[in-house]
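*Asks:* Here are the chains, one letter per residue:
2 protein chains.
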Amino acid sequence: MPSPEKPSAREKLLAAAVKLVRAQGYAATTVDDLCREAGVTKGAFFHHFESKDALAVAAADYWSETTGALFASAPYHDHADPLERVLAYIDFRAALIEGAPAEFSCLAGTMVQEAYAASDDIRAACEASIFGHAATLEADIEAARVKYKIDGDWTACSLALHTQAVLQGAFILAKAHGGPEIAREMAGHLKRYVQLLFRQSKGERK
Amino acid sequence: MPSPEKPSAREKLLAAAVKLVRAQGYAATTVDDLCREAGVTKGAFFHHFESKDALAVAAADYWSETTGALFASAPYHDHADPLERVLAYIDFRAALIEGAPAEFSCLAGTMVQEAYAASDDIRAACEASIFGHAATLEADIEAARVKYKIDGDWTACSLALHTQAVLQGAFILAKAHGGPEIAREMAGHLKRYVQLLFRQSKGERK
Chain G
1 MPSPEKPSAR EKLLAAAVKL VRAQGYAATT VDDLCREAGV TKGAFFHHFE
51 SKDALAVAAA DYWSETTGAL FASAPYHDHA DPLERVLAYI DFRAALIEGA
101 PAEFSCLAGT MVQEAYAASD DIRAACEASI FGHAATLEAD IEAARVKYKI
151 DGDWTACSLA LHTQAVLQGA FILAKAHGGP EIAREMAGHL KRYVQLLFRQ
201 SKGERK
Chain W
1 MPSPEKPSAR EKLLAAAVKL VRAQGYAATT VDDLCREAGV TKGAFFHHFE
51 SKDALAVAAA DYWSETTGAL FASAPYHDHA DPLERVLAYI DFRAALIEGA
101 PAEFSCLAGT MVQEAYAASD DIRAACEASI FGHAATLEAD IEAARVKYKI
151 DGDWTACSLA LHTQAVLQGA FILAKAHGGP EIAREMAGHL KRYVQLLFRQ
201 SKGERK
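Just so you know, the protein sequences line up as chains G and W, in that order. The numbering of the first sequence is this note's numbering, which starts it at 1 and goes up by one. The numbering of the second sequence is this note's numbering, which starts it at 1 and goes up by one.
Think of the hints as simulated: they come from the structure by calculation, not from any bench. Quick caveat, the model's predicted, so the values are computed rather than measured. Careful, some of the hints might be misleading.
Said to hold, decoys possible - If you only want the chain W side, here are some residues facing chain G, beta carbon under 8 Å, derived: (1) 116; (2) 182; (3) 186.
Glycine included, each C-beta is placed from N, C-alpha and C at the ideal position.
Please construct the entire structure, taking both the sequences and the accompanying hints into account.
*Replies:* Here is the structure:
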């Protein structure tokens with residue numbers, strides 16, 4: 001009988017990076033911390049990654065993949081109306097904001113905050129994660145613009161990125177305030193903004 | 001003749017903390033880095049601050065004071081209409097977003113992102129900085145609500161905090177993207193949201 005598939009040392013290190021960086025930041029997380037959390041040796045670490053920065057880049061990619069799978073299978077896609085899909089996405093994000101910041105904050109946003117200048121590879125991997133996720137919203141926003149004949153002075157790309165800006169900022173307020181409620185409240189403003197963008201323009205249509 | 005006033009070692013260390021943490025994050029900034037940047041000895045450092053964390057708390061307070069003075073004397077207060085003051089505040093924030101992220105990003109937002117769990121003193125000092133600045137906007141937002149008879153399901157306090165969430169998130173996008181334009185674009189969404197909140201409700205008034 002084949003044994004159940006166990007995570008590899010590489011996967012354990014990636015999961016450890018996600019957990020520790022969300023909890024304590026990137027620079028404060030040492031290779032020793034990562035090995036201890038993953039339960040692997042330093043030899044195993046350097047077999048898989050040539051440096052902590054190399055792990056950070058791989059962790060940002062791993063984060064993009066794992067959260068990408070979560071979002072791809074989320075129920076907000078099921079609405080027939082594209083504006084409803086966008087609003088349900090925001091509700092879905094708000095519902096994920098629960099517990100401690102280490103459980104709901106963004107690995108890419110946390111890492112790039114510190115490491116953007118020190119490592120262009122980390123910056124680029126975090127950019128790909130945040131901007132790549134924003135891009136998954138563009139088609140629905142654009143379809144809603146077309147359906148509701150909206151012609152404001154904003155693009156689907158720009159509004160998609162704004163959703164991410166609000167959420168990243170909301171995580172910072174939650175960390176500062178010591179609880180998730182304030183971050184959910186900020187998601188509420190984001191939803192109201194999207195509703196107003198579409199309602200307002202409908203009202204102004206002749 | 002009295003000699004011109006020179007910054008004290010304490011002031012030099014506080015200014016060094018603001019500069020280095022904005023550029024490279026808090027955990028990556030060592031006491032040695034801070035002493036080198038400030039041009040003071042390690043003895044002077046520990047004469048003024050018992051630890052790096054103690055300097056961080058003092059730096060967040062120093063940040064609140066120095067940025068507080070900048071905002072207190074800024075021209076957005078001069079508009080007669082309270083809604084115009086709020087919109088001019090957002091324009092003022094957008095105009096400050098120029099150059100490298102180390103020049104326009106927020107010390108408190110950067111520090112709390114990393115250190116919120118490690119040091120409750122740093123968290124609280126960053127909360128006081130961000131939430132205290134947001135509070136300076138509340139009176140104008142509330143006056144605008146009253147003047148334009150707005151009764152949406154949001155409070156002046158909550159909208160004031162939302163302005164800070166958008167700006168904090170905008171800085172993260174700018175760091176990820178490698179330039180200030182994206183952050184100014186996010187400030188544009190924030191301004192449009194405030195305009196819509198007031199326009200929409202005016203349109204709905206009977």
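*Asks:* Which of the numbered hints are not met once you compare them with the structure shown?
*Replies:* none
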